[in-house]
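Each chain, written out:
There are 2 protein chains.
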Amino acid sequence: MFSKKICDSLASGSMIRAMFEQGNKLKAQFGADNVFDFALGNPDPEPDQEIIDDIRALAGEPGIHKYMSNAGFTDVREKIADHMSAESGRAFTAEDIVMVVGAAAGLSVTFHSLLDPGDEVITLAPYFMEYNSYVGNQGGVVRPVPTLRGSFRPDVPAIRAAITARTKAIILNSPNNPSGAVYPEEDLVALSEALDDAEAEFGHPVYVVSDEPYAKIIYDGVKVPSVARIFRNSITVNSFSKSLALPGERIGFVAVCPDMADKDLLDAALVYSNRTLGFVNAPAIFQKVVVNHLDRAVGLDAYRERRDMLYDILTGAGFECTKPQGAFYLFPKSPIPDDKEFAAIALRHRTIVVAGSGFSYPGYFRLSYCVSRDTIKGSEKAFREIMKEIGQ
Amino acid sequence: MFSKKICDSLASGSMIRAMFEQGNKLKAQFGADNVFDFALGNPDPEPDQEIIDDIRALAGEPGIHKYMSNAGFTDVREKIADHMSAESGRAFTAEDIVMVVGAAAGLSVTFHSLLDPGDEVITLAPYFMEYNSYVGNQGGVVRPVPTLRGSFRPDVPAIRAAITARTKAIILNSPNNPSGAVYPEEDLVALSEALDDAEAEFGHPVYVVSDEPYAKIIYDGVKVPSVARIFRNSITVNSFSKSLALPGERIGFVAVCPDMADKDLLDAALVYSNRTLGFVNAPAIFQKVVVNHLDRAVGLDAYRERRDMLYDILTGAGFECTKPQGAFYLFPKSPIPDDKEFAAIALRHRTIVVAGSGFSYPGYFRLSYCVSRDTIKGSEKAFREIMKEIGQ
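Protein chains in written order, with the numbering used here: chain U, 2 to 393; chain Z, 2 to 393.
Read the hints as simulated data drawn from the structure, not as lab findings.
Watch out, some of these pointers could steer you wrong.
Each computed SDA-like pair below joins lysine to any residue, with the alpha-carbon atoms no more than 20 Å apart [to be verified]:
id : chain 1 : residue 1 : chain 2 : residue 2
1  : Z       : Lys5      : U       : Pro118
2  : Z       : Lys6      : U       : Asp302
3  : U       : Lys324    : U       : Asp302
4  : U       : Lys26     : Z       : Asp76
5  : U       : Lys5      : Z       : Asp117
6  : Z       : Lys5      : U       : Ala269
7  : Z       : Lys5      : U       : Asp302
8  : U       : Lys5      : Z       : Thr165
Covered by chain U, according to a simulated footprint, are these stretches of chain Z (three or more residues, beta-carbon under 8 Å) [what the hints assert, rightly or not]:
id : segment
9  : 221 to 233
10 : 361 to 368
The model shown is predicted, which means the values in this text are computed figures rather than measured ones.
Just so you know, even glycine gets a beta-carbon here, dropped at the ideal spot from N, CA and C.
Given only the sequences and the hints, what does the whole structure look like? Please build it.
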């Protein structure tokens, strides 16, 4: 009666959101202090005062709440182009920037502009499963290629082997959700060579769609290599949800590498897609707010401290875990082969984790440390008891 | 190389946006005061001070900028449900309300939830051509049925004749863009009977998707009948772009009639579609802002005054025009049969209008009176000269 396609999909839901709902139920039953909910990557710091001050100052600016070009305010796009140019060493202009309703919108708009039905998109597992929707809504097909166990680095030979004549794009997401891995420069350079070879073989580019919401959430002095510098055929999708702690406001941008062939056509396609998919434009006031804070990373010290706390608790309890240098997740190995069974056991100890299967990477599980120090401390006993129950 | 489908569509563009660009070019050449630009329905009043005050007050509220349920804040949805219940006499609950990124997003989410490829959607011409995208992106097909000439009222017998076994929905948009017509209660009741008959004949409902961004932009004491009251199988899509003069902020809602069969399934499908299409949630702070101003209509007196001024100028110059009771457009008859040729002639007189063909209703043209009184006054001479050139 309604869309058969959508009703069929409803059952499959999002594992992250399902765990989020489970967590809320447990909290209602046992009290929030007695539930250790690591399910959702919902940045918990408040935006910095300067950001709040900017919202207040801009709220009354004449004309700010009106329609603008579907691509966004020109002055905002110019500033982001300058920022992208400085990071990449390429000459971005305002024409190459489209302001979007968050990174999810940016990815939808990008794949709507790139894909025809049957086109293939490579993802590097573990990966954020919403990519399946953003690609699938355009009739595209996701081809996951696992990263290396433990390091979660791209497996470039495996990517080479996965590219076919129908491969239109590859999604990079570094720092990675859920592994926290920051892909090193050498891996990206090797991947770049693989994509050049594929272009030579198949006669068309494989576009790199770089999903970078965690680009500023990094630790220990690690550098995130500029994808736009390394890959000529790149589309950078960014969001201020994490860096400015504004996830509910839905604001981000898409940047087309200016050295891509026919980039003007892609610029126009993105603006067209932004309009016709129903986004119309990114929220007006937040375009003007974020552009004042392009280098800011709200709450970074607190994230790092909590990463270290949770990492110590987990490894102390006997979990095998790589210490990641980005994002705000840990992705330990499940102590039993079945990660979904592990998540169910953890739930019985009022501990909410998301099974790696929810990221197309079974045998691991994700913890978001966007939670209070108390939640992390309180979870120590639970993790030890979970391990005891499992018999490790 | 990019999406063939999208590149092919790019050429067809939006006639409204094309005229908007033309207007900007002319303004650069002749100065803004010497161009009479009636192309774009961009609400020109500033939001009321109470709205700006609310943005400022809410900007620092703890937690307000975080993720919430994909459906929106529960307290906001409860207030909108109460409002819908009062207007319709039906018992809406928060579950029936999904906050969305403006009405365009609401329509995309609704059709994604309703349609399978090949499903048909009836529109009443003249209509906002973006509907073609919102329906077409889901593989649906738009079947326009012209309203009656001059009154622009629904032609119920013609709608009856257009319904087939594949008809899944009909879009209503009253007050109408571009005609300004407010569909009278008796027409909607007659339509309701036609849809009941179709449901009996074909064994499934024809859903009414009511696009209501202009519901509060009404004049002369006219009443806009509640679609949710008249049609059990209705989905109301609303936006605060026009009523609160916040078009750039992208905030609206979708309301599912609580007396529809299987409405829980549609509620869930809308939330799923909101997430998987990449909208995720409506901008957080604006959810909280708009719910304080559900009955407000910013700038109504100024719109009415300008409607009357422009109407008098046009009819004084010899144009045939119905005086509409809603929205902020006039939709006069083109004095020559070819409305695109007429728009081209007007352009030579530095007057920007949109041909009725841009709304699937040739022989007419649209003027938005979201413009200054000076623009309207200044256009009088131009309209007289246009008529002289045409030889009327």
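Evaluation of the provided hints:
no. : hint                  : in the structure
1   : Lys5/Z <-> Pro118/U   : holds (10 Å)
2   : Lys6/Z <-> Asp302/U   : violated (46 Å)
3   : Lys324/U <-> Asp302/U : holds (16 Å)
4   : Lys26/U <-> Asp76/Z   : holds (19 Å)
5   : Lys5/U <-> Asp117/Z   : holds (7 Å)
6   : Lys5/Z <-> Ala269/U   : holds (13 Å)
7   : Lys5/Z <-> Asp302/U   : violated (46 Å)
8   : Lys5/U <-> Thr165/Z   : holds (19 Å)
9   : 221 to 233            : violated (count 0)
10  : 361 to 368            : violated (count 0)
When each numbered hint is compared with the structure, violations occur for hints 2, 7, 9 and 10.
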